[in-house]
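J.: For this one, chain A is given, so just place chain B on it according to the hints.
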Amino acid sequence: MRLELHEVHVSDIQWGERTEVVDHVLRVNREEAAAALAGEDRFASVRLDLARPGESVRIIPVKDVVEPRVKLKGGRGYFPGFFAPPETAGEGVTLVLKGAAVVTCGPIVAFQEGFIDMSGTGADYTPFSKTNNLVLTVEPVEGLGKHAYEEALRLAGLKLALYLAEACREAKPDEIRVFEKGSITEENEKYPNLPRILYICMAITQGLLHDTFLYSADMKTVLPTLLHPNEVLDGALVSGNCVSACDKNTTYHHVNNPVVEALYRRHGKDLNFLGVVPTVEDVRLAGKERASSMNAALAKNLGAHGVIVTEEGYGNPDTDLCLNAKKCENFGIRTVVISDEAAGTDGASQSLADATPEMSAFVSSGNVNEMIEVPPMKTVLGHPEAIANLSGGAAESLRPDGSMFVELQAVIGSTCELGFSRIGCEWI
Amino acid sequence: MTIRVVHYINQFYAGLGGEEAANALPESRKGAVGPGVQLQTLFGEKAEIVGTVICGDGTYGERTEEARADCIRLIEAFQPDLLVAGPAFNAGRYGFACGDICSAAGKMLGIPTVTALYPENPGVELFAKNTVIVQAADSARGMKAALEGLARVGLKLASGEPLGPARLEGTISRGIRKNFFFEKNGAERAVEMLLDKIAGRPFRTEYEMPVFKRIPPAPPIKDLKTATIALVCSGGIVPKGNPDHIRVSSAETYGRYNISELNDLTPETYESIHGGYDRVWANQDPDVVLPVDVMRELEREGVIGKLYDWIYTTTGTGTAVAHAERFGREIGAQLKEAGVDGVILTST
Chain A
1 MRLELHEVHV
11 SDIQWGERTE
21 VVDHVLRVNR
31 EEAAAALAGE
41 DRFASVRLDL
51 ARPGESVRII
61 PVKDVVEPRV
71 KLKGGRGYFP
81 GFFAPPETAG
91 EGVTLVLKGA
101 AVVTCGPIVA
111 FQEGFIDMSG
121 TGADYTPFSK
131 TNNLVLTVEP
141 VEGLGKHAYE
151 EALRLAGLKL
161 ALYLAEACRE
171 AKPDEIRVFE
181 KGSITEENEK
191 YPNLPRILYI
201 CMAITQGLLH
211 DTFLYSADMK
221 TVLPTLLHPN
231 EVLDGALVSG
241 NCVSACDKNT
251 TYHHVNNPVV
261 EALYRRHGKD
271 LNFLGVVPTV
281 EDVRLAGKER
291 ASSMNAALAK
301 NLGAHGVIVT
311 EEGYGNPDTD
321 LCLNAKKCEN
331 FGIRTVVISD
341 EAAGTDGASQ
351 SLADATPEMS
361 AFVSSGNVNE
371 MIEVPPMKTV
381 LGHPEAIANL
391 SGGAAESLRP
401 DGSMFVELQA
411 VIGSTCELGF
421 SRIGCEWI
Chain B
1 MTIRVVHYIN
11 QFYAGLGGEE
21 AANALPESRK
31 GAVGPGVQLQ
41 TLFGEKAEIV
51 GTVICGDGTY
61 GERTEEARAD
71 CIRLIEAFQP
81 DLLVAGPAFN
91 AGRYGFACGD
101 ICSAAGKMLG
111 IPTVTALYPE
121 NPGVELFAKN
131 TVIVQAADSA
141 RGMKAALEGL
151 ARVGLKLASG
161 EPLGPARLEG
171 TISRGIRKNF
181 FFEKNGAERA
191 VEMLLDKIAG
201 RPFRTEYEMP
211 VFKRIPPAPP
221 IKDLKTATIA
231 LVCSGGIVPK
241 GNPDHIRVSS
251 AETYGRYNIS
261 ELNDLTPETY
271 ESIHGGYDRV
281 WANQDPDVVL
291 PVDVMRELER
301 EGVIGKLYDW
311 IYTTTGTGTA
321 VAHAERFGRE
331 IGAQLKEAGV
341 DGVILTST
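As you go down the protein sequences, you meet chains A and B in turn.
With the first letter of the first sequence counted as 1, position 163 gets the number 163 in the working numbering; the numbers rise by one all the way through.
With the first letter of the second sequence counted as 1, position 176 gets the number 176 in the working numbering; the numbers rise by one all the way through.
For reference, chain A alone in the conformation it holds in the complex (with noise of 0.2 Å):
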């Protein structure tokens, strides 16, 4: 299977009266933007607004961060099963608008979006204060359940974001990246002495609008399944997810998963990179039990020597990922997971729901609880209210002055358990 990522930079974006990229600066028609979103009739309004790196802007409450792309070469569209038909990803081309993103807003759990600033502190700690962001910020109809507006806006966020690269198709690309790799048989056959690594991707499926989605498909209701490093990166998943800001991983993550990423770079040099097994977080014991047991045995039958497993929030899914590792080194398969911590606002507390000794290789990507201090922001895109309800914030988190201090919870996307970022605890 081959992948090629036509990466076109973006470095700046503007208003303008078509959409396109010019010398990098991505120009968005705003009126053709907003009617690409035309037929919704579960908004009551659609505001479209840009925010820059560097300007003092801060978005709250984000729901999704979805990266610009289409499919120029094998198949249409992009996000099988939403936008493009449900057929294979990761083959042929991509368009992929780098260095911008599509974010959407809306309170649609009181407490379970987090913000993103544009500058200042809270711009180290998360990568959407690197993007062009176009920011898509909608009210509902009046009435509207929080599942429809969920809904409504998850498809909005992709529909925009595949509408900014389809109108800059014939962008030429910077930069394009190739990943290439055949089936697992070719693959064994060509590095017979490499050690086969296998990636067991755990994903929120919990419902109650902590969803995730495989090809289109809710996947609470999916086993554990083997897929091509290439899909994951080519939009078989896509987030549904109102949690926790700090470790939920968004769309943009999925598309850029970084464990795929590092993964594929060795293949063939330092290790055989087998696929990705995205599983399931389920709410019951008996479904984590059954999750972890299948997710080990097609380890087990694929022959891995080794297991890399990334949790994704933080709370009973420190069960599922002990489970996971568990069960893999159970059948003499050396595991490494990436997690977070909640070591609470001291750092002094034990930082797992859930511990098992098989977790002996730990990567942590830091103490959600962990307390920052953010300026005030010039502009508030979004609901600035919405702060004293996200996790990680409480009613006395926004100052007077627009300042504000939570806990890094709050920032979508800095604590990521992908291994997005550079984060992580230490000992002092």
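Just so you know, these hints were derived from the structure itself, not from any lab.
Note that the Cβ used here is the ideal one computed from N, Cα and C, for glycine as well.
Keep in mind that a hint or two might mislead.
Residues of chain A placed beyond 12 Å of chain B at every Cβ, according to the derived structure [said to hold, decoys possible]:
#: 1; residue: 7
#: 2; residue: 91
#: 3; residue: 141
#: 4; residue: 218
#: 5; residue: 375
One-sided excerpt, in silico: chain B residues whose CB lies under 8 Å from chain A [stated by the list, open to error]:
#: 6; residue: 276
#: 7; residue: 278
#: 8; residue: 318
#: 9; residue: 322
Distance condition first, Cα-Cα at most 27 Å in a straight line; then the derived BS3-like pairs of lysine-lysine [as the list claims (entries may be wrong)]:
#: 10; chain 1: A; residue 1: 130; chain 2: B; residue 2: 184
#: 11; chain 1: A; residue 1: 130; chain 2: B; residue 2: 178
#: 12; chain 1: A; residue 1: 269; chain 2: B; residue 2: 197
#: 13; chain 1: B; residue 1: 184; chain 2: A; residue 2: 269
#: 14; chain 1: B; residue 1: 107; chain 2: B; residue 2: 156
T.: Leaving out everything else, chain B in the frame of chain A:
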């Protein structure tokens, strides 16, 4: 501006003698004394040891309050920016004195403090939370390294430079987790760690697995019909308006509310403030998380003797284990005191 340092040492390092001089009373001298001379060399021009405070280990250990007060007075007279104590290696009484005087100077004079101890020195466990402790060898053979550590860490503290991870600073961890930015992202670190683990090479896990306490279950209730049963909830169900401002996540408090007059929780009286789940249905009927209605039925039917008059409730999401443990201990003690026979814990 040169940083003003006071150095605390015991009778032995001040040249007064060994055990026979352990009752030496607190005194101070201008400038560096004993190991302080080498410490001053390491500080160079960045800091000056303006005075040395000396106290016998016996005096400090046996008449701690008095010795501490005297030493603090002597230290304060030099108007220091930093207090350095020791190194005390594995000397128990000296380690105690170093830890205690650092801890006191930090609190009373508001200056940064640092000492150097062997990890098993009892002073570590007593004072690690109150002062910075450079990891030292178990005897004076490690003097050079200990003084280098004290000088380096001391300068950082006095100039307000944040300390890095304990393993890189050479300090003894205070048991605190803190965020840092690594050179590589988490995914790269994970792949490297995995390749090391597979190849049998040494690797450093970034978090050692904690050991959970095992709580033995209480004996079964003999007769449910006469038992008082309490409801305790981590599902964020609180009286409407959240009167005690329990946080929506990472709660550090819990609430206690009287339900003796209630047969049913309604959207008018109760709500969910929990930050970890979709509250739509819990707000329509809070009983789905905190089942007062069903418990009242069981009470009427005589299945249970009585539903306890008070509920305890908090939000269980992102909650630090240390807080959760405290909630459990306090609530358990109160329920036991009230003669409650059994508890139903509801979550979400």
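J.: Looking at the structure, which of the earlier hints fail to hold?
T.: none
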